[in-house]
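Visitor: Okay, here's what each chain looks like letter by letter:
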Amino acid sequence: MLLLFIVLPLAVAALMPLLHRLNRWLPDALAALTMLGTLLLGIAHIRLIGAGHIYYWDSALYGLPIRLSLMMDGFSLLLLLTISMVSFFACVFSVNYMEHYGGKGAYYALFLIMVAGMNGLVLTTDLFSLYVFLEVAAIASYALVAFGQKHDEVEAAFKYLMLSAVATTGILLATALVYLMTGTLGFAELAAAARAGFDPRLLGLLLAFFLMGFGLKAAIVPFHAWLPDAHPSAPAPISAMLSGVVIKVSGIYALVRVVYNVFGLPVGVSQALLALGALSMVLGALIALGQTDFKRMLAYSSISQVGYIVIGLALGTPLAIMGALFHLFNHATFKGLLFLDAGATEYATGTRELSKLGGINNRLPITGLTTTIGTFSIAGVPPFNGFWSKLLIIVALVQAGQLGLAALAVGTSVLTLWYFLLIQRRAFFGKLAAGMEKIKEVPFYMSFATVGLAALCLAVGLCYPWVADNLIQPGMTSLTNAIGVNGFSLFGN
Amino acid sequence: MDFINLSLLVLMTGLACAAVFLRDLVRSAISLALMSALMAVVLYRLNSPYAAVFELSVVAGLITVLFVSVIALTKEEDQVREAGWPLYVFPLALAAFGLADLLVMRALFSSYQPAGYAAVGESFGATLWGVRSLDILGQVAVIFAGVFGVLALLREKPQTARQKQDAEKAKDGGEKLW
Chain A
1 MLLLFIVLPL AVAALMPLLH RLNRWLPDAL AALTMLGTLL LGIAHIRLIG AGHIYYWDSA
61 LYGLPIRLSL MMDGFSLLLL LTISMVSFFA CVFSVNYMEH YGGKGAYYAL FLIMVAGMNG
121 LVLTTDLFSL YVFLEVAAIA SYALVAFGQK HDEVEAAFKY LMLSAVATTG ILLATALVYL
181 MTGTLGFAEL AAAARAGFDP RLLGLLLAFF LMGFGLKAAI VPFHAWLPDA HPSAPAPISA
241 MLSGVVIKVS GIYALVRVVY NVFGLPVGVS QALLALGALS MVLGALIALG QTDFKRMLAY
301 SSISQVGYIV IGLALGTPLA IMGALFHLFN HATFKGLLFL DAGATEYATG TRELSKLGGI
361 NNRLPITGLT TTIGTFSIAG VPPFNGFWSK LLIIVALVQA GQLGLAALAV GTSVLTLWYF
421 LLIQRRAFFG KLAAGMEKIK EVPFYMSFAT VGLAALCLAV GLCYPWVADN LIQPGMTSLT
481 NAIGVNGFSL FGN
Chain B
1 MDFINLSLLV LMTGLACAAV FLRDLVRSAI SLALMSALMA VVLYRLNSPY AAVFELSVVA
61 GLITVLFVSV IALTKEEDQV REAGWPLYVF PLALAAFGLA DLLVMRALFS SYQPAGYAAV
121 GESFGATLWG VRSLDILGQV AVIFAGVFGV LALLREKPQT ARQKQDAEKA KDGGEKLW
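Going down the list, the protein sequences come from chains A and B.
Start counting the first sequence at 1; every next residue gets the next number (the working numbering).
Start counting the second sequence at 1; every next residue gets the next number (the working numbering).
The reader is advised that the hints may include incorrect statements.
To be verified - Pairwise CB distance ranges, derived in the manner of DEER restraints: (1) B:A93 / A:A272: 20 to 26 Å; (2) B:V150 / A:G63: 34 to 40 Å; (3) A:P365 / B:F54: 53 to 59 Å; (4) A:P382 / B:F54: 24 to 30 Å; (5) B:S48 / A:V7: 26 to 32 Å; (6) A:P382 / B:S48: 55 to 61 Å; (7) A:A272 / B:A100: 29 to 35 Å; (8) A:A44 / B:V150: 57 to 63 Å; (9) A:L48 / B:S48: 56 to 62 Å; (10) B:Y88 / A:I483: 45 to 51 Å; (11) B:L108 / A:V7: 39 to 45 Å; (12) A:L286 / B:G146: 53 to 59 Å; (13) A:M1 / B:G146: 25 to 31 Å; (14) A:V7 / B:G146: 17 to 23 Å.
Stated by the list, open to error - Per the computed footprint, the stretches of chain A lying under chain B, defined by three or more beta-carbons under 8 Å from a beta-carbon of chain B, are: (15) 61 to 74; (16) 123 to 130; (17) 382 to 393.
What the hints assert, rightly or not - Only part of the chain A face toward chain B is listed, based on derived beta-carbon distances under 8 Å: (18) G102; (19) F133; (20) L205; (21) A208; (22) K438.
No lab work stands behind these hints: they were computed from the structure.
A virtual CB, placed ideally from N, CA and C, is assigned to each residue, including glycine.
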């Protein structure tokens, strides 16, 4: 069954050009259904993964002459659900939004390949396969960033490609070093070799390469230069995918899988990540404050929010890991929502320049409401989902005696609220801007996607105990087991 | 490292730099092909004959043919003039990187004994299909992504009223590249 997460999107992607010729709505329907299918497949695994099971799938069990080996634990499942959920809503949003771009067959094919790449990355048990699927997702995303064919979009995609090439060179070099030192590439075998001990100088070198490579993919400061161009330039559903899931899967997940499960979170890496996470959190928020382009502001905000996740994971206590994983999931929902809202605003008004917008809340009531929900969620206002995850990270920082970082996290949250309220005030409230008299609310499927994600932001906040126990805690347990720290239960089972 | 391998690596670096810096695209593509051919020789000398064959046939052969075909279809005036400063700064950066690389790698690996590699199969084919099957699936996905990427980026967009309106509004960098 685990193979379906990869093969299903890939098979549908291969059929897209044909489907597009048969019926113009078929790619829309099939892409959304495929994502819904993978989402339901993920949901079907929640109960057993929550009970502590780890799924293994090996082709040898079915007598196949090939060798495919996949694994799903709590951490993988959390990422798979996040990918499927954001992908589903992005697909639904694309039904109307991508209409004027043309080439929907190729668009959905690339979209599904990107999802297949991310699913493969999350399920693999092998370092080299992780690299291969990282490239699958990356190549599809370069083309998707440039999908609009305009000069600035192609330029942003080229910059993204070049910096990603630097990242993957670092990752490939580190993988080669690991293979040189151990003669194996499987995570389990590598972890056993790491426990036996590595040459400390070589270990330092390869960890530096991994940190640089995955850090670039996650857009952690100072490796973030590509993100503020690439994310705003892409079509809105792709921006939602890139900020919501791609940086987390290609950057955070891959880094954590390697650093936690193979190397057991060495102290040096933990300290480096704490420093880089704090830098990302603060700088991202400060730069976001000065932006006048709606999507560019959201892109800088992603750097800041990834900083929170990195800090929690770098701290390495069960509560911090729990907060970080929860924030990873929450950020995918509210940042996906906010990018879709930015796309809806641009679709309705023809601009995303905040200075040209104003007072559009009455004309776009659904987009206005869902943007407000996204704003409250990302700023950590209760009872929305962002509140809980930020609270967990801050409490974990205080518990670990990192009072300075805790104060920075609180301060950045206030900054976040500030710049998102600026968006609200400039774009949605106040006097109606000139030329906005005739605008009207976006079509049904776009509104359906934003309302769905907004409802999720509220529902996850209100049902926090269930989400924490069934989705986040199994992920946390996978990571605490990997670094030999005792986990805990917030609400019992 | 023996003298021949070192010479080959230096030549490869030179050809890679030429591929980046040459203004004539055909010469640039040929430099890349030559670099790739030398890479194949290095791979063969390092006891990786299958990797050498792939490098030679796919990169030096097939990709060069694709590059040269596309360049032949590109009009002269479509070529973009680039800034000249990297031509002066890059050699210094390359020399500094090469020196640092040499010192660090020599210090790290001069006395390092690589681990014995795990038994991975009876032959190249058995290894590829029997051990690295997931990578082949990934490779299929990469090829799909490449094909659909080209289809997407070279597509002709339908001229809708909405698009015309967008084109009028987009004054800053809004012109089509193709």
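Visitor: All hints are to be evaluated individually against the structure, with a verdict given for each.
Guide: Hint-by-hint comparison with the structure:
1. B:A93 / A:A272: 20 to 26 Å: Hint holds: Cβ distance 25 Å, inside 20 to 26 Å.
2. B:V150 / A:G63: 34 to 40 Å: Distance hint for B:V150, A:G63 holds at roughly 38 Å.
3. A:P365 / B:F54: 53 to 59 Å: 58 Å, holds
4. A:P382 / B:F54: 24 to 30 Å: Check failed, 57 Å falls outside 24 to 30 Å.
5. B:S48 / A:V7: 26 to 32 Å: 31 Å, holds
6. A:P382 / B:S48: 55 to 61 Å: 59 Å, holds
7. A:A272 / B:A100: 29 to 35 Å: At roughly 20 Å between Cβ atoms, B:A100 and A:A272 fall outside 29 to 35 Å, so the hint is violated.
8. A:A44 / B:V150: 57 to 63 Å: 37 Å, violated
9. A:L48 / B:S48: 56 to 62 Å: The hint (56 to 62 Å, Cβ to Cβ) is violated, given that A:L48 and B:S48 are roughly 43 Å apart.
10. B:Y88 / A:I483: 45 to 51 Å: 48 Å, holds
11. B:L108 / A:V7: 39 to 45 Å: The hinted range 39 to 45 Å holds for B:L108 and A:V7, with Cβ atoms some 41 Å apart.
12. A:L286 / B:G146: 53 to 59 Å: Between A:L286 and B:G146, where Cβ atoms are some 39 Å apart, the hint is violated.
13. A:M1 / B:G146: 25 to 31 Å: 29 Å, holds
14. A:V7 / B:G146: 17 to 23 Å: 19 Å, holds
15. 61 to 74: Our answer is that it holds, as 6 residues pass the Cβ test (under 8 Å) against chain B, meeting three.
16. 123 to 130: holds (count 4)
17. 382 to 393: violated (count 0)
18. G102: Where the cut-off is 8 Å and the nearest Cβ of chain B is about 4 Å from A:G102, the hint holds.
19. F133: Holds. Min distance 5 Å.
20. L205: At about 7 Å, which falls below the 8 Å cut-off, the nearest Cβ of chain B leaves the hint on A:L205 intact, so it holds.
21. A208: 11 Å, violated
22. K438: Violated, about 12 Å.
The earlier numbered hints that this structure contradicts are 4, 7, 8, 9, 12, 17, 21 and 22.
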